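A.B. asks: Modelling step: build the complete structure from the supplied sequences, incorporating the hints.
Those sequence lines, one after another, are chains A and B.
Following numbering that gives the first Met the number 0, the numbering of the first sequence begins with 0 at its first residue and continues without gaps.
Following numbering that gives the first Met the number 0, the numbering of the second sequence begins with 0 at its first residue and continues without gaps.
Calculated directly from the structure, the hints in this document are not laboratory data.
Quick caveat: nothing in here was measured; it's all calculated off a predicted structure.
Cβ atoms here follow ideal geometry from the backbone N, Cα and C, with glycine treated the same way.
Where hints are given, some of them may not hold.
For the chain B half of the interface with chain A, some residues (derived, Cβ under 8 Å), not all of them [unchecked claim]:
(1) S5
(2) F7
(3) G92
(4) P98
Simulated restraints on C-beta separations [to be verified]:
(5) G122/B to D36/A: 15 to 25 Å
(6) E17/A to P63/B: 37 to 47 Å
(7) Q64/B to V19/A: 15 to 25 Å
Here chain B is said to cover these stretches of chain A; the calculated rule only asks that three of the stretch's residues, wherever they fall, bring their Cβ under 8 Å from a Cβ of chain B [as the list claims (entries may be wrong)]:
(8) 18-29
(9) 33-40
Residue strings, one per chain:
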Amino acid sequence: MPAGRYPRPPSRADGLAEIVLPDQDGHDVRLGDLWTDRPAALVWLRHYG
Amino acid sequence: MDRARSDFKAAGVKLVLIGQGTPRQAAEFRRRQGIQLPVLADHDRVSYKAAGTKVGGVTDLFSPQTVAKGLLATARTGRTQTRTVGHPSQLGGTLVIAPDARVMWSHLAQDASDNAPPEEILGAIREAAA
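C.D. replies: Following this line, the structure appears as structure tokens:
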């Protein structure tokens, strides 16, 4: 992620689908499972603040 | 964003927040902000990279426009920014993803003040569904 790079969204989320992140309780969530049966809006926060 | 969660639910869209840090920091963020939405913890910013988000430069973080927008947001919401957790120059964004993995709508921040309001995201979702 070079500084100053113009942001470019992907046209498909295949590269996100296999990423697994813990939720606030420490339970693993596979991102691809979020949009299996309905659309999902994923919001990346700048920071927790 | 959390206040619009019922609107997203009514639109048939799952809304999830992702932040930099640990699950413990995500839980503390939820508690402090009174958020009920799920918050995922991406300490290594792997999903930020895959989503195409930007790591800002100095002008993306501290321009007069960015500072002014931040002050207006504080006045509007009554919330002030607390200590930064994670990479201080990391910017955010939003992707709306369809069940076939197609990105239906996107907004990636150009600077620290560039956040898509929930009503704009909802409008795009309703337009795509029409």
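A.B. asks: Against this structure, judge whether each hint is valid.
C.D. replies: Status of the hints after comparison with the structure:
Of the supplied interface hints, the one on S5/B is violated, with its beta-carbon coming no nearer than about 14 Å to a beta-carbon of chain A, more than 8 Å. With its C-beta approaching chain A no nearer than about 6 Å, F7/B sits inside the 8 Å limit, and its interface hint holds. Hint on G92/B holds. Least Cβ distance to chain A is approximately 5 Å, under the 8 Å limit. With 8 Å as the threshold, the beta carbon of P98/B comes within range of chain A, its nearest partner Cβ sitting at about 6 Å, so the hint holds.
At about 23 Å, the CB distance of G122/B to D36/A agrees with the hint of 15 to 25 Å. As the Cβ distance of E17/A to P63/B is approximately 41 Å, the hint placing it in 37 to 47 Å holds. Distance hint check for Q64/B and V19/A: the Cβ-Cβ separation is about 37 Å, which falls outside the suggested range of 15 to 25 Å. Closer than 8 Å: that is the beta-carbon criterion, and the region 18-29 of chain A has 8 residues meeting it against chain B, so the requirement of 3 holds.
Only when three residues or more bring their CB closer than 8 Å to a CB of chain B does the claim for the region 33-40 of chain A stand; here the count is 8, and the claim holds.
When the structure is compared with the earlier hints, violations turn up for hints 1 and 7 and for no others.
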